[in-house]
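Number of protein chains: 2
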Amino acid sequence: MGTQNTSNSFNSAIILITVISQLCLSTGINVWPQPRLMSWPQSQATLLSPNFIITSPNHPYLSSAVNRYLNLIKTEHYRFQLTPSVNFTTSTPPLLTLLISVDQLLTPLHHGVDESYTLTIPATGSTANLTAQTVWGAMRGLETFSQLVWGEPSRVAVGLYVWDSPLFAHRGLMLDTSRNYFGVDDILRTIEAMSGNKMNVFHWHITDSHSFPLVIPSEPDLATKGSYGPDMQYSPDDVKKIVEFGLAHGVRVVPEIDSPGHTGSWAEAYPEIVTCANMFWWPAQNEWADRLASEPGTGHLNPLNPKTYQVLKNVIRDVVNLFPEPFYHAGADEIIPGCWKADPTIQSFLSKGGTLSQVLENFVNITLPFIVSLNRTVVYWEDVLLDDLIKVESSFLPPEHTILQTWNNGPNNTKKIVKAGYRAIVSSSEFYYLDCGHGDFLGNDSQYDQPSVSNIGDGGSWCGPFKTWQTIYNYDITYGLSEEEAKLVVGGEVALWSEQADPTVLDARLWPRTSAMAEALWSGNRDEKGNKRYAKATDRLNEWRYRMVSRGIGAEPIQPLWCVRNPGMCNTVHPFV
Amino acid sequence: MGTQNTSNSFNSAIILITVISQLCLSTGINVWPQPRLMSWPQSQATLLSPNFIITSPNHPYLSSAVNRYLNLIKTEHYRFQLTPSVNFTTSTPPLLTLLISVDQLLTPLHHGVDESYTLTIPATGSTANLTAQTVWGAMRGLETFSQLVWGEPSRVAVGLYVWDSPLFAHRGLMLDTSRNYFGVDDILRTIEAMSGNKMNVFHWHITDSHSFPLVIPSEPDLATKGSYGPDMQYSPDDVKKIVEFGLAHGVRVVPEIDSPGHTGSWAEAYPEIVTCANMFWWPAQNEWADRLASEPGTGHLNPLNPKTYQVLKNVIRDVVNLFPEPFYHAGADEIIPGCWKADPTIQSFLSKGGTLSQVLENFVNITLPFIVSLNRTVVYWEDVLLDDLIKVESSFLPPEHTILQTWNNGPNNTKKIVKAGYRAIVSSSEFYYLDCGHGDFLGNDSQYDQPSVSNIGDGGSWCGPFKTWQTIYNYDITYGLSEEEAKLVVGGEVALWSEQADPTVLDARLWPRTSAMAEALWSGNRDEKGNKRYAKATDRLNEWRYRMVSRGIGAEPIQPLWCVRNPGMCNTVHPFV
Chain A
242 MGTQNTSNSF NSAIILITVI SQLCLSTGIN VWPQPRLMSW PQSQATLLSP NFIITSPNHP
302 YLSSAVNRYL NLIKTEHYRF QLTPSVNFTT STPPLLTLLI SVDQLLTPLH HGVDESYTLT
362 IPATGSTANL TAQTVWGAMR GLETFSQLVW GEPSRVAVGL YVWDSPLFAH RGLMLDTSRN
422 YFGVDDILRT IEAMSGNKMN VFHWHITDSH SFPLVIPSEP DLATKGSYGP DMQYSPDDVK
482 KIVEFGLAHG VRVVPEIDSP GHTGSWAEAY PEIVTCANMF WWPAQNEWAD RLASEPGTGH
542 LNPLNPKTYQ VLKNVIRDVV NLFPEPFYHA GADEIIPGCW KADPTIQSFL SKGGTLSQVL
602 ENFVNITLPF IVSLNRTVVY WEDVLLDDLI KVESSFLPPE HTILQTWNNG PNNTKKIVKA
662 GYRAIVSSSE FYYLDCGHGD FLGNDSQYDQ PSVSNIGDGG SWCGPFKTWQ TIYNYDITYG
722 LSEEEAKLVV GGEVALWSEQ ADPTVLDARL WPRTSAMAEA LWSGNRDEKG NKRYAKATDR
782 LNEWRYRMVS RGIGAEPIQP LWCVRNPGMC NTVHPFV
Chain B
242 MGTQNTSNSF NSAIILITVI SQLCLSTGIN VWPQPRLMSW PQSQATLLSP NFIITSPNHP
302 YLSSAVNRYL NLIKTEHYRF QLTPSVNFTT STPPLLTLLI SVDQLLTPLH HGVDESYTLT
362 IPATGSTANL TAQTVWGAMR GLETFSQLVW GEPSRVAVGL YVWDSPLFAH RGLMLDTSRN
422 YFGVDDILRT IEAMSGNKMN VFHWHITDSH SFPLVIPSEP DLATKGSYGP DMQYSPDDVK
482 KIVEFGLAHG VRVVPEIDSP GHTGSWAEAY PEIVTCANMF WWPAQNEWAD RLASEPGTGH
542 LNPLNPKTYQ VLKNVIRDVV NLFPEPFYHA GADEIIPGCW KADPTIQSFL SKGGTLSQVL
602 ENFVNITLPF IVSLNRTVVY WEDVLLDDLI KVESSFLPPE HTILQTWNNG PNNTKKIVKA
662 GYRAIVSSSE FYYLDCGHGD FLGNDSQYDQ PSVSNIGDGG SWCGPFKTWQ TIYNYDITYG
722 LSEEEAKLVV GGEVALWSEQ ADPTVLDARL WPRTSAMAEA LWSGNRDEKG NKRYAKATDR
782 LNEWRYRMVS RGIGAEPIQP LWCVRNPGMC NTVHPFV
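Chains A and B supply the protein sequences, listed in that same order. Residue 242 is where the first sequence starts when you use my numbering, and the numbers rise one by one after that. Residue 242 is where the second sequence starts when you use my numbering, and the numbers rise one by one after that.
Accuracy of the hints is not assured; some may be wrong.
As the list claims (entries may be wrong) - In silico negatives: residues of chain B with every beta carbon more than 10 Å from chain A: (1) Leu347; (2) Arg420; (3) Ser589; (4) Ile799.
What the hints assert, rightly or not - Label-pair ranges, simulated between beta-carbon atoms: (5) B/Asp426 / A/Asp427: 22 to 30 Å; (6) A/Gly424 / B/Asp427: 56 to 64 Å; (7) A/Leu429 / B/Lys660: 57 to 65 Å; (8) A/Gly424 / B/Asp472: 25 to 33 Å.
In short, the hints are calculated from the structure, not lab data. Glycine included, C-beta positions come from ideal geometry on N, C-alpha and C.
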């Protein structure tokens with residue numbers, strides 16, 4: 242107690258973090274993700290005035306956020322589960338105003354935008370100040386402010402100073418809406434929860450071999466024939482709603498149209514441009530190397546058929562029009578040799594000495610410049626460069642226009658990507674794949690028909706076990722990189738592939754595990770000694786989980802309520818010893 | 242095709258199962274759990290008459306079930322996801338009546354009650370017949386009938402014969418309502434889902450160290466002070482509602498009042514009868530052997546304090562009055578030496594040469610005969626006999642009044658229990674614990690604060706990994722037993738301990754994994770060759786999962802919808818090869 246942030250220097254601020262974060266723990270106030278610097282030396286609180294207002298510069302998305310947060314702050318009445326040791330007093334005036342100042346009001350929500358903010362709530366006086374470089378930083382500060390209000394009547398922490406800014410620019414969540422469909426409301430609720438966790442990229446894996454739910458105005462047959470049905474499509478109006486909702490929440494919506502692999506669903510409208518469509522994915526007599534797809538659901542676009550580009554360019558052009566976001570995710574993962582080899586044109590090309598990698602290079606050489614010409618940075622899965630069998634030379638992938646998203650081999654592939662000079666988005670399946678560990682989804686897998694007593698293990702889930710929140714929190718996405726290399730890691734994304742997820746389980750699969758990554762990428766996962774702080778994060782995450790539930794997100798519980806009611810008693814090191 | 246069940250002998254029936262179950266697979270009709278014998282040789286179907294009725298003998302619970310199923314059958318309009326190759330015709334008359342006959346109308350729902358039924362739906366004619374020995378068997382048959390109806394207008398399989406009866410008498414689900422609270426509606430929905438899966442025992446682990454939610458009329462302070470709050474209690478009316486709901490669904494509600502361990506919550510009302518209450522569970526300087534509880538939340542009833550029995554007998558008496566069910570689960574798991582040793586009276590007893598096992602024997606010797614005197618069979622967790630440190634001699638546990646529930650060491654402890662002459666309920670944590678694999682729930686576990694790259698594995702969940710539906714389906718609960726020994730295995734229970742479960746995740750944690758056990762205990766998990774059939778069960782389970790969702794159970798998906806729409810295409814052995 243008595244510590245006060247009177248220093249303006251950043252170094253002093255860093256030292257303060259230690260002291261203050263411990264104060265915060267003991268007082269039970271909770272902001273998730275933890276701010277980079279939060280000072281609340283006297284643990285003071287006062288009432289929030291019933292006439293509390295937020296004033297801000299006029300900006301369509303910021304004003305929308307202000308209205309939303311004002312409503313949330315006035316109606317949430319979230320009750321601290323951890324009893325905060327707060328010096329609450331009504332002798333100081335209630336807080337009446339949060340005054341927002343933004344330096345650069347016109348800065349759009351692009352990759353790398355300044356999201357820093359400073360929040361000052363004086364110990365006495367009726368006005369708090371939130372200052373930010375951009376409206377997006379102001380939104381992050383609004384979220385922090387909302388988490389400093391609790392109870393009925395509403396109380397608010399005062400005598401508090403926060404300086405905050407993310408460690409990583411790209412903090413994303415990938416949702417696959419092809420294998421199973423999610424309604425627009427599911428997506429909006431997910432974006433809202435992301436915003437609460439200060440995440441900023443909704444990577445929408447829209448299409449795949451299983452269904453093509455996106456209505457492409459110039460190619461309407463793709464969804465009409467390739468979706469699961471008219472009630473399982475996304476219209477242009479749906480997309481607009483999602484994109485606008487994202488902007489109002491500081492969340493970019495990055496579309497992924499996976500190709501040339503993962504395109505079986507395109508064959509419903511255009512069978513002629515898809516190789517090996519509607520075939521059984523792995524005939525029993527074949528070796529694994531001779532399968533036709535990485536999983537059931539076959540079909541690759543045929544790069545040697547000119548018609549392919551006619552359709553695909555229409556798709557790309559329309560998607561670029563639907564999504565103002567400067568990133569375009571083009572997929573390019575898991576090209577399976579057997580699928581292309583099943584096509585006579587490609588066979589002929591191979592018989593003349595061509596290679597499958599050349600087939601892919603042909604594809605990339607036509608599509609990448611086209612996407613770039615539409616002012617988009619292209620994101621690919623790492624496979625396009627790192628696949629064992631089918632990949633392109635790096636000369637086909639200009640680093641200034643290309644970002645690679647890694648999912649295999651943990652830190653090793655991240656290293657390969659940045660060493661090759663590319664920016665990396667980390668989605669290591671060992672750490673960030675949220676769908677793993679729920680058992681094999683394959684039917685009639687005769688290898689399991691054994692009379693043995695059991696088949697424990699992961700039940701065939703290729704990426705099992707289930708990734709716990711601790712596993713996710715603990716992962717260092719720049720592990721093993723030099724300082725220079727680490728700069729190329731723009732951030733990370735958790736991924737929910739939907740073979741075994743649909744709206745019944747969406748919230749619980751995502752939350753609070755995604756919150757774990759959100760904090761690790763915002764303010765890190767280590768304390769001042771360089772030790773992992775995830776154990777210490779348990780109480781805070783639990784508290785945050787309860788607040789998310791109160792906000793309508795069905796996040797799964799991480800502890801008995803008893804632990805929340807008895808702070809410190811569920812620890813394994815007595816906090817008072 | 243053309244196969245018909247004209248034999249009356251059971252052996253012939255067994256041979257038929259093979260043929261017919263394969264027919265069923267190819268025609269896509271789905272009953273879960275799979276009946277022991279189902280013959281539908283011509284795959285015929287007709288309309289269900291809009292005036293369809295069910296006639297049954299008058300019986301309060303059966304009539305309730307008939308009304309429920311009649312409503313379900315007329316309104317469900319479930320659409321087969323797997324396109325059934327059904328010979329549908331409207332040239333035969335619609336099915337107008339299901340006529341139920343019950344031989345022994347007064348047989349109560351007790352352990353081992355006859356649940357067999359025969360269902361005959363003629364190919365022509367307007368009346369189907371359901372015959373059963375008991376109303377409980379009739380309810381199982383009603384469930385089967387309901388799963389034979391689909392579409393709008395409703396169609397129904399005809400030319401069909403089912404003979405069915407469970408392999409195991411005890412098919413249960415345990416829910417822990419102490420660590421986190423579940424509302425009455427959550428419990429009713431769970432019982433309804435159990436009934437749909439032909440399960441018959443809801444084992445209600447009501448109380449534990451974390452909260453005491455059950456209102457005991459003669460000891461009201463236990464809930465008033467020991468529950469999580471007035472909105473997180475079960476009143477006698479709530480219990481009555483749950484018990485009656487269970488009876489109307491053929492589901493026994495077996496109460497568990499865990500003692501003498503797991504009783505920390507009792508100390509809120511009666512601190513004098515609880516040893517080591519409200520202490521930190523595992524002080525940092527102590528060895529694991531010297532901990533005070535198996536997990537945070539300390540407190541054991543003190544067997545050497547006469548007041549203990551005064552309170553406990555009131556509890557037992559009231560619980561017996563609240564629950565008509567003849568089983569009473571008395572817990573008796575995880576007695577932790579450190580907790581009893583913390584008590585001066587017990588220390589004094591030990592210093593005079595007594596042992597902790599004698600303390601437990603004292604407890605069992607007073608409580609077991611009391612429970613038996615109230616006409617109850619006592620169920621204990623296996624620990625009471627098999628614990629390494631604190632256990633009773635078998636002479637304290639008369640086998641005719643005692644059933645032991647196993648949870649450790651897989652088949653080995655089952656074997657120990659039955660070899661000692663006890664009936665066993667199998668809840669092996671390696672196979673049947675539904676809560677495992679979601680990460681450690683302990684806070685501030687300093688052993689994890691390491692600067693290493695990751696902590697993958699199970700994240701500290703002691704019973705990880707997550708038990709997949711395949712793991713559960715595959716488990717043979719009589720593995721390694723002689724035929725005689727196997728007869729003592731009365732059945733099994735999946736268990737959902739609620740450290741990391743509450744209403745947000747209840748349905749998805751339970752279903753469809755619990756369905757996997759339900760089928761394994763009803764009709765087995767092997768085909769006629771003795772091979773596990775779980776791989777073949779995937780399509781059927783998927784179909785059943787969708788029907789459960791349509792009935793309001795938020796079961797998790799096990800496959801992409803694409804697999805359901807493309808039968809056989811997600812297999813790993815081509816079904817047509």
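Hints and how they fare:
1. Distance to chain A confirms B/Leu347 as a non-interface residue, since its nearest Cβ pair spans about 41 Å, more than 10 Å.
2. Once the 10 Å rule is applied to beta carbons, B/Arg420 is inconsistent with being away from chain A; the minimum gap is 4 Å.
3. For B/Ser589, the shortest C-beta to C-beta distance to chain A comes to about 28 Å, beyond the 10 Å cut-off, and the non-interface label holds.
4. With a least CB separation of 6 Å from chain A, B/Ile799 falls inside the 10 Å interface cut-off, contrary to its annotation.
5. Remark: the range hint 22 to 30 Å for B/Asp426 to A/Asp427 is upheld by a beta-carbon distance near 23 Å.
6. Between A/Gly424 and B/Asp427 the C-beta distance comes to about 24 Å, which lies outside the given range of 56 to 64 Å.
7. At roughly 59 Å, the beta carbons of A/Leu429 and B/Lys660 sit within the given window of 57 to 65 Å.
8. Range check, A/Gly424 to B/Asp472: Cβ separation about 31 Å, and the 25 to 33 Å hint holds.
Consistency note: the structure conflicts with the earlier hints numbered 2, 4 and 6.
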